[in-house]
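Enquirer: Residue numbers (full-length UniProt numbering), protein chains in the order written: chain A, 1 to 243; chain B, 1 to 243.
Derived from the structure by calculation, the hints contain no laboratory data. If you're wondering where the values come from, they're calculated on a predicted model, not measured in any experiment. The reader is advised that the hints may include incorrect statements.
[Said to hold, decoys possible] Chain B is nowhere near these chain A residues, computed Cβ spacing over 10 Å in every case:
| # | residue |
| --- | --- |
| 1 | Glu-31 |
| 2 | Pro-74 |
| 3 | Asn-111 |
| 4 | Val-218 |
| 5 | Arg-220 |
| 6 | Ser-225 |
[To be verified] Looking from chain A toward chain B, a few residues come up when the C-beta cut is under 10 Å (computed):
| # | residue |
| --- | --- |
| 7 | Val-90 |
| 8 | Arg-119 |
| 9 | Ser-135 |
| 10 | Val-151 |
| 11 | Gly-184 |
Just so it is clear, CB atoms sit at the ideal spot from N, CA and C, and this is done for glycine as well.
2 protein chains.
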Amino acid sequence: MSNPTAAMLVIGDEILSGRTRDSNMHHLAGELTKRGIRLTEVRVVPDDRKAIIDAVRALSEACDWVFTSGGIGPTHDDITADCIAEAFGVPLDVREDARALLAAHASARGNELNEARLRMARIPEGATLIDNPISAAPGFTLNNVHVMAGVPTIFEAMVAGVLPTLAGGTPLLSQSLTIRRPEGEVAAPLRTLAEEFADLSVGSYPFVRDGAYGTNIVIRGTDASRVDAAMTRLAAMFPEATA
Amino acid sequence: MSNPTAAMLVIGDEILSGRTRDSNMHHLAGELTKRGIRLTEVRVVPDDRKAIIDAVRALSEACDWVFTSGGIGPTHDDITADCIAEAFGVPLDVREDARALLAAHASARGNELNEARLRMARIPEGATLIDNPISAAPGFTLNNVHVMAGVPTIFEAMVAGVLPTLAGGTPLLSQSLTIRRPEGEVAAPLRTLAEEFADLSVGSYPFVRDGAYGTNIVIRGTDASRVDAAMTRLAAMFPEATA
């Protein structure tokens, strides 16, 4: 498939320690799939300079787009902006338009734009700001990397702002069928189907419901007539299955 | 910290397409932390030979232990065992003890041990089996890589079987404090604290509750008296905070 590719980099000790359950990956995966952008890799790294820089460079080279979440707040362990600047060898400083956004937000709430908050206006040179409709502190895009907040509501708002600006691909279509038989019994006919429709993705997801084994089959592709044809073949193989 | 390190590799198109929400990462992260093993990286890759092999090799070199989830079922897209064998340059074939486990399980359920199911008895040479108390098909350990199922109940059962066999580290202790002030106002004192207690990890997690901003502070370390000392300093900085 020649659809655009994307990678995600989740940044934060709290995910790796098990304190926080990441939800941004699942959200981004669904949004990208809808737009025909293939998410080909996700990495989760700690709040560690070298780990972040190495991952950003690797993913930025491997994919059309990279999306990061986490590490752009006001505290000492928020080092994502510094790392992105270093990964691309550009300077980082407080930027006037970002400072103005934070100042307006702070003033509207009767807060002080202190030194910690001002850290969030430090933007790598050459970046474009990403709007934060929730708490003002902007994300940014530098080269092919979109840098966003880790707080899920803000992350999701930033994704909603960024995605319409990207060229998508042919949307990926999917159809599914539920077969009330264990995966081990549907595997052989499924392999035949996957070989016959090599241009499609044929996925198989086992489940247990009320003590009985079953398998969900999902067929994905960009050509609706091919997906239809594969579903017709599949339904003929398993007449007892339900859509 | 000299605690052992671990990485996780999540394998499966269904996670990257957004169809399935992974829960194994969060589970493993918590279990490792309890045992004093530091999870330093997670990667999610598709059901793609090269992607899996490259990631296994990289993570196996970088960490003491690697845990994989997914891709060890009976269908054509279950290629994890093949990839692990190839990553370490060892042959892969049906192994008698694994075959016997599957045969007993199938026979007890009145199922046939067909060719698809027999795929799950293909184990790389030199590996140790990991018990699957739920559906019999075993995981395996080869070198420093533990290969486990993606279905959460089975993954969790396999983790429970493997972890007691690994040397853990000094368990990581954590204490936390909730401050009903926005992160931007606690960042400066927090930085001072983090510099003073450089041997500890001082994390800061903003939240919004009933429309008001707050910050959870988590202090982690292996030395209980140091964690206590840092908490005492922190509580003095924010007398209004609650444990």
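Enquirer: Please flag the earlier hints that this structure goes against, numbers listed from lowest up.
Expert: Of the numbered hints, 1, 2, 3, 4, 5, 7 do not hold.
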